[in-house]
Amino acid sequence: MTNVINQLRADAYRLTRSTGFYIMLVLVVSYNALITKTKWFGGIVGNVSEKASDHLTHTSWSMIDGVQGSTISAGLLMYVLMGLFVIIIGYEFSQQTYKNTLISGISRLQFILSKYVAMLISILMTIAVYFITTIVTSLIFGRRVGTSWIHLLSVGSSATIAITFFISIVFSMAILLLMFTNSVIISSFFIVIFPVAVMILHTRANWKWLKYIDFFSASNRISLGNMSIVEFSPYVLTCGIILIVCIGLSLLIIREKEL
Amino acid sequence: MPEAILNFQNVSKKFGHFQALDSVSFQINRGDIYGLIGENGAGKTTIMKLITKLSPLRKGSISLFGETSSHYQQALKRTGAMIESPAAFKNLTVVENLKIIAKQNGLQSKKAIDDAIDFVGLTAKKKTKARHLSLGQRQRLGLAMAVLPHPDFLILDEPINGLDPAGIIEIRHLLYKLNHEQQTTILISSHILSELYQVATKFGFIHHGKFIKEVTKEELDKEKTAGITLEVNDVSKAAEVLDSSNIKPFSVPNDHSIFIQKADLDTGHLSQLLVMNGVVLNGLSKQEGSLEQYYTQLMKKTDEGDQRD
Numbered sequence: 053m054t055n056v057i058n059q060l061r062a063d064a065y066r067l068t069r070s071t072g073f074y075i076m077l078v079l080v081v082s083y084n085a086l087i088t089k090t091k092w093f094g095g096i097v098g099n100v101s102e103k104a105s106d107h108l109t110h111t112s113w114s115m116i117d118g119v120q121g122s123t124i125s126a127g128l129l130m131y132v133l134m135g136l137f138v139i140i141i142g143y144e145f146s147q148q149t150y151k152n153t154l155i156s157g158i159s160r161l162q163f164i165l166s167k168y169v170a171m172l173i174s175i176l177m178t179i180a181v182y183f184i185t186t187i188v189t190s191l192i193f194g195r196r197v198g199t200s201w202i203h204l205l206s207v208g209s210s211a212t213i214a215i216t217f218f219i220s221i222v223f224s225m226a227i228l229l230l231m232f233t234n235s236v237i238i239s240s241f242f243i244v245i246f247p248v249a250v251m252i253l254h255t256r257a258n259w260k261w262l263k264y265i266d267f268f269s270a271s272n273r274i275s276l277g278n279m280s281i282v283e284f285s286p287y288v289l290t291c292g293i294i295l296i297v298c299i300g301l302s303l304l305i306i307r308e309k310e311l
Numbered sequence: 063m064p065e066a067i068l069n070f071q072n073v074s075k076k077f078g079h080f081q082a083l084d085s086v087s088f089q090i091n092r093g094d095i096y097g098l099i100g101e102n103g104a105g106k107t108t109i110m111k112l113i114t115k116l117s118p119l120r121k122g123s124i125s126l127f128g129e130t131s132s133h134y135q136q137a138l139k140r141t142g143a144m145i146e147s148p149a150a151f152k153n154l155t156v157v158e159n160l161k162i163i164a165k166q167n168g169l170q171s172k173k174a175i176d177d178a179i180d181f182v183g184l185t186a187k188k189k190t191k192a193r194h195l196s197l198g199q200r201q202r203l204g205l206a207m208a209v210l211p212h213p214d215f216l217i218l219d220e221p222i223n224g225l226d227p228a229g230i231i232e233i234r235h236l237l238y239k240l241n242h243e244q245q246t247t248i249l250i251s252s253h254i255l256s257e258l259y260q261v262a263t264k265f266g267f268i269h270h271g272k273f274i275k276e277v278t279k280e281e282l283d284k285e286k287t288a289g290i291t292l293e294v295n296d297v298s299k300a301a302e303v304l305d306s307s308n309i310k311p312f313s314v315p316n317d318h319s320i321f322i323q324k325a326d327l328d329t330g331h332l333s334q335l336l337v338m339n340g341v342v343l344n345g346l347s348k349q350e351g352s353l354e355q356y357y358t359q360l361m362k363k364t365d366e367g368d369q370r371d
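Chains as they are written, first to last, in this note's numbering: chain A, 53 to 311; chain B, 63 to 371.
Fair warning: there could be bad hints in the mix.
[What the hints assert, rightly or not] Within a straight-line C-alpha distance of at most 20 Å, the following computed PhoX-like cross-link-like pairs (lysine-lysine) qualify:
#1 B:K188 / B:K172
#2 B:K310 / B:K363
#3 B:K284 / B:K324
#4 B:K76 / A:K309
#5 B:K275 / B:K363
#6 B:K121 / A:K309
If you're looking for bench data, these hints aren't it; they were derived computationally from the structure.
Please build the complete structure, drawing on both the sequences and the hints.
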C-alpha cells in the first residue's frame, strides 16, 4: 500500500509540474463556460431522448439544464483528458522512466494499480471542475437553480462519478494496449476512436449488447434521470469485468515483458 | 565469512534463438566493487536487468540480500541502479526529477536531494531541464537518481559513458567514497577497462553469455602480464633470434612488433643481441601488465579453447 501511495504522490507531483495539465484544465473550464453561456450542447452525444433534446434547445437554461447540457457534451472531454493518460503513464514508457519506477521496489501489480488510480483521481477532479464551471457560469449569468440545490448537486455528482468511471474504463483498455504495443500513439489513438466507434456501431449495427459499453449514452441517461439503479447495474458489472480483465492482462504482459 | 549481497546461480537467458546467458553463476559480497567485463552483447546488461527484474527470470535463481527473485521487492528497495542510458523526465529539471525519485522511495528530506546533486557535481545545473543537459550531465543525473535513496547495493551499467576525463576521475572518486564511507556494494560495467581496474576490487569476465573467470584485484595483479614490446623490421627473424637465445615466452601481436612476457630482461643486452643478428630495432618499451592485456589474452585463450572443442 505504501508503494502505491508513494507512486501516487510522485505522479501528482509530476502532473502539477506539467504545463500540459494546466492547459488541459483551461480547455475544460473554457469549453464548459462556453456550453453554459451559449446553451449549446453536442459533441459525441450518445443517445439522448428527443424530449430532453427539445427541452434543452427551446427553454432558457436553469442550472440543472446547464448540468444536463454539460453531461451531454462531455464526450468531447475524452480528447482533452487523453492528456492525463499521456502524462501519467505514457511518458513513463516514451521516456523509459518506468525503469526508475520499477527499480524503486514497487511490484508490477502496484505499478499498474497506482497508474489506474492516479488517472481515476485526476479524471474525477477534472470532471468535478467541469461541472463546478457550469454552476459558477450559471451564477455569473444570474440563472435560477431550476430544482432544489440538493437535487442539483446530486445530479452533478452522479454525472461526475459516472463520466469519471466510464472514462477510466476506456483508459484501462488503453493501458492494456500500451503494455501490449509499447506505443503511446496507438493507445492514444484508441482513446480517440473508441467512443466514436461504439456510438456508430450502436446506432448502425443494432447490437443490443453494445449499449453496455456506450458509456456516454449511459451517463446522459443518468444525468437526465432516465436510468434506475436496477438498469444501471449491468453497466457497473460490464465495466467491472472490463476493468478486471484489462488490469489482469496488463499485469501478465508487464510481468513477462523485457523492459 | 563475507556476507553475500547477490547470488546468481546457473542463470540462463534466451532471446529467441540467441543464447544471451548460458548458466552464469557468480556471487557479490558486501563491500565489493565488482567489475563486470565483456564485449558488447556479452550479457552484462542482461545480468543487470535480471537482477533488477526488468527482465523476467526463466532459468536459474537469483537472490538479493538473501531474498529469492520471486519475492525480492524489499531487497530492490535497498538497491539503486542505472541501466543502459539514464532515464529522466525531459521536461522536468534536475531537482524535480530527483523529487520524483524521493517521493517514489518515501524520502522526505530535501537535504538528501541537495546532497545527491552536490555529490555528483550538478549543483550549477539543478534548475536545468533534463532535455538541456549534455550526455555527461545526464549520466551524472542518472547516478544522482541511483544514489539518492542511499542504496546498500548499487548497479551501474557503463556509468562513465560520455564523460570527459575530469568527469571520469570525479565518478571514480564518488564510487570510492560510496564504497568506503557509506559501505555501498557496487556492481559496475565499463568499456574503459583502465578505469574499471582503478575502481573495482573484484572482476568477473563474461564472453558470449558465458561466465569465464572471476579474479580479485590482488589475483589479477599477480596474473596480468608485464613485459617488453619490441618494434622490429622483420618479426620472423627476430622471433628466431629470441627462440635460439631461449628468451621466452613471447607473442607476435602484429607484423612489426613482438611482446616478450618478461619484464626483468636486460634491455641493453637484448637490443645488442637483435642488432648483431641483423634485426633492425625501431623501438623498445617496457610495459606494466594492464587489465586490457589480461582481458585480450583471456578472451583469446577462451576462443582457442572453444575452437578446439
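### Task
Measure nothing beyond the straight line between the CA atoms of K121 of chain B and K309 of chain A; if it is 20 Å or shorter, mark the hint as holding.
Distance of about 15 Å is within 20 Å: holds.
### Query
Between K284 of chain B and K324 of chain B, does the CA-CA distance stay at or below 20 Å?
13 Å, holds
### Message
K188 of chain B and K172 of chain B were given as a pair; does the straight-line alpha-carbon distance stay at or below 20 Å?
### Response
Roughly 13 Å between the alpha carbons, so the hint for K188 of chain B and K172 of chain B holds.
### Query
Given the hint that K76 of chain B pairs with K309 of chain A, does the C-alpha gap stay at or below 20 Å?
Given pair K76 of chain B, K309 of chain A holds - Cα atoms ~13 Å apart, limit 20 Å.
### Message
Against the 20 Å threshold, does the CA-CA distance of K310 of chain B and K363 of chain B hold or violate the hint?
### Response
Given pair K310 of chain B, K363 of chain B holds - Cα atoms ~18 Å apart, limit 20 Å.
### Query
Is the hinted pair K275 of chain B and K363 of chain B satisfied, with a Cα-Cα distance of at most 20 Å?
Distance ~12 Å between K275 of chain B and K363 of chain B Cα, so the pair holds.
Going down the numbered hints, you'll see the structure goes against none, and every one checks out.
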